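Sequence lines, in order, name chains A, B, C and D. Take 45 as the starting number for the first sequence in our numbering and just add one per residue. Take 45 as the starting number for the second sequence in our numbering and just add one per residue. Take 45 as the starting number for the third sequence in our numbering and just add one per residue. Take 45 as the starting number for the fourth sequence in our numbering and just add one per residue.
By construction, these hints were calculated from the structure, which means they are not laboratory data. Remember, it's a predicted structure, so these values are computed and weren't measured experimentally. Any given hint could turn out to be false.
Cβ pair distances, simulated, as ranges [stated by the list, open to error]:
#1 A/T118 - D/F166: 20 to 30 Å
#2 D/S87 - A/V99: 48 to 58 Å
#3 C/K125 - A/A162: 54 to 64 Å
#4 D/Q128 - B/G141: 39 to 49 Å
#5 D/T118 - B/P169: 33 to 43 Å
#6 D/R106 - A/T118: 20 to 30 Å
#7 D/Q126 - C/S48: 47 to 57 Å
#8 C/D157 - B/L84: 42 to 52 Å
#9 C/D90 - B/T118: 34 to 44 Å
#10 A/E146 - D/T118: 52 to 62 Å
#11 C/S48 - A/K108: 33 to 43 Å
#12 D/Q126 - B/Q126: 52 to 62 Å
#13 A/K108 - D/E116: 52 to 62 Å
#14 A/R139 - D/K125: 52 to 62 Å
Okay, the calculated bits of chain C under chain A, using three or more residues with CB under 8 Å as the criterion [as the list claims (entries may be wrong)]:
#15 52 to 59
#16 79 to 90
#17 116 to 126
From the three backbone atoms N, C-alpha and C, an ideal C-beta is built for every residue, glycine too.
4 protein chains.
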Amino acid sequence: MEQSITIRVRYPEVDAMGYLHHSRFLQYFEMGRIELLRSLGFSYADLEKQGVFFVVVKVECRYKAPARYDEELTLVTRVVKQTQVRIDHAYELRRDGILLAEANTTIACVGRDGQLMAIPDFLAPKE
Amino acid sequence: MEQSITIRVRYPEVDAMGYLHHSRFLQYFEMGRIELLRSLGFSYADLEKQGVFFVVVKVECRYKAPARYDEELTLVTRVVKQTQVRIDHAYELRRDGILLAEANTTIACVGRDGQLMAIPDFLAPKE
Amino acid sequence: MEQSITIRVRYPEVDAMGYLHHSRFLQYFEMGRIELLRSLGFSYADLEKQGVFFVVVKVECRYKAPARYDEELTLVTRVVKQTQVRIDHAYELRRDGILLAEANTTIACVGRDGQLMAIPDFLAPKE
Amino acid sequence: MEQSITIRVRYPEVDAMGYLHHSRFLQYFEMGRIELLRSLGFSYADLEKQGVFFVVVKVECRYKAPARYDEELTLVTRVVKQTQVRIDHAYELRRDGILLAEANTTIACVGRDGQLMAIPDFLAPKE
Numbered sequence: 045m046e047q048s049i050t051i052r053v054r055y056p057e058v059d060a061m062g063y064l065h066h067s068r069f070l071q072y073f074e075m076g077r078i079e080l081l082r083s084l085g086f087s088y089a090d091l092e093k094q095g096v097f098f099v100v101v102k103v104e105c106r107y108k109a110p111a112r113y114d115e116e117l118t119l120v121t122r123v124v125k126q127t128q129v130r131i132d133h134a135y136e137l138r139r140d141g142i143l144l145a146e147a148n149t150t151i152a153c154v155g156r157d158g159q160l161m162a163i164p165d166f167l168a169p170k171e
Numbered sequence: 045m046e047q048s049i050t051i052r053v054r055y056p057e058v059d060a061m062g063y064l065h066h067s068r069f070l071q072y073f074e075m076g077r078i079e080l081l082r083s084l085g086f087s088y089a090d091l092e093k094q095g096v097f098f099v100v101v102k103v104e105c106r107y108k109a110p111a112r113y114d115e116e117l118t119l120v121t122r123v124v125k126q127t128q129v130r131i132d133h134a135y136e137l138r139r140d141g142i143l144l145a146e147a148n149t150t151i152a153c154v155g156r157d158g159q160l161m162a163i164p165d166f167l168a169p170k171e
Numbered sequence: 045m046e047q048s049i050t051i052r053v054r055y056p057e058v059d060a061m062g063y064l065h066h067s068r069f070l071q072y073f074e075m076g077r078i079e080l081l082r083s084l085g086f087s088y089a090d091l092e093k094q095g096v097f098f099v100v101v102k103v104e105c106r107y108k109a110p111a112r113y114d115e116e117l118t119l120v121t122r123v124v125k126q127t128q129v130r131i132d133h134a135y136e137l138r139r140d141g142i143l144l145a146e147a148n149t150t151i152a153c154v155g156r157d158g159q160l161m162a163i164p165d166f167l168a169p170k171e
Numbered sequence: 045m046e047q048s049i050t051i052r053v054r055y056p057e058v059d060a061m062g063y064l065h066h067s068r069f070l071q072y073f074e075m076g077r078i079e080l081l082r083s084l085g086f087s088y089a090d091l092e093k094q095g096v097f098f099v100v101v102k103v104e105c106r107y108k109a110p111a112r113y114d115e116e117l118t119l120v121t122r123v124v125k126q127t128q129v130r131i132d133h134a135y136e137l138r139r140d141g142i143l144l145a146e147a148n149t150t151i152a153c154v155g156r157d158g159q160l161m162a163i164p165d166f167l168a169p170k171e
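Using the sequences provided together with the hints, build the complete structure.
Here's what the structure looks like:
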């Protein structure tokens, strides 16, 4: 399971150095997860309406090169591992093939009360 | 009713020009409204828990001079007018007395359903 | 001169009410201006490299209805008036034809030093 | 070298779940680094004017519990290791003693051209 999206860097996302702020990369990775889910036929907005939430419990990001305003970036997102309650994703963000950042995240499934819950069966990876 | 707060410009709030992004001013004005409310003894977080929300229905902002990263700004917020469902605020944002921006907003009281509702009596201005 | 773009509301752009934060609308309007410029053959990123900057000097926005996470919005941006140093834009943001917000901005052309300068001839409206 | 700061969660920093968005934690950690520097007598804004920049090359963050709008959080930032070009920091973000997140970052010193450079002597840790 892998999905590629294109993101254009917005003006208020860069900082005084003219670089995409390092915190914004995490927002792009979230977009990658959401579009990967959509490509599998699921809307995260709908999941939340049904009481299924995913929270980020761990992030690791290695920044290799800066991204600048108005550049078009390509983000590849893939599922690395899925357990009953957690999903691990890996990300590669590139501009014209040049690797800008690599990252890994772990998200956990929680209910409306914020407590851990099993990932619904319909989201389980197909055999 | 008037309240003054100090805000230090954060790094990811400035843009590639090194200026506080014009959209961020509105976030500062919201902080001004919230602190004005707190100075009157009310917590906006608590109001929301009680089902009392305020949404912005109108903003006018005139930008006079830029603010830069790490500068300490002073924001004066005051109530200009209050009706049964709306409150008008005025704002002046300054650095060392220099006017950076003047603004006016109208907020409306809504319930959990997003429908207009009367501002609770305990928030009504004292005679 | 008018340009329409589609914007999908991102997760960190909505607030605790689940509504697109009112400050984010201004970031969308900026995207509208930039894409209008691109449709005319100009890159704002390139203009900045040439020392031509535009700063927002005035914003008026009337919010009519909320936008929510993951909704696809349509923003129409048009030039209302252009003088030697200023451009006035008008905006209409809609979801499925429903008007969510109307706005007007004035931007001014400045140089690297932040001082007003004449809008370069190549950006002047064609007769 | 360790520094503690207090941060109140702002309204547009929380997401539709009412939780501080996970990307915002990185912005808080940056504030921690900047205030740690200030406590040592240095202004990051001034360093940048002198052509000394720090870019984030690595982030690891483990999220333990959510933070909500208007909560007052305490962030402890400390230097773990400093080489000629890099500084490693560790962070603990708490609310009323409860650990919300632990993180580590590596920042590298770069010049105006974005190339690695030695951290200036005046920033070297005192013996």
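Please list, smallest to largest, the hint numbers that this structure does not respect. Numbers 1, 2, 10, 13, 14, 17, in rising order.
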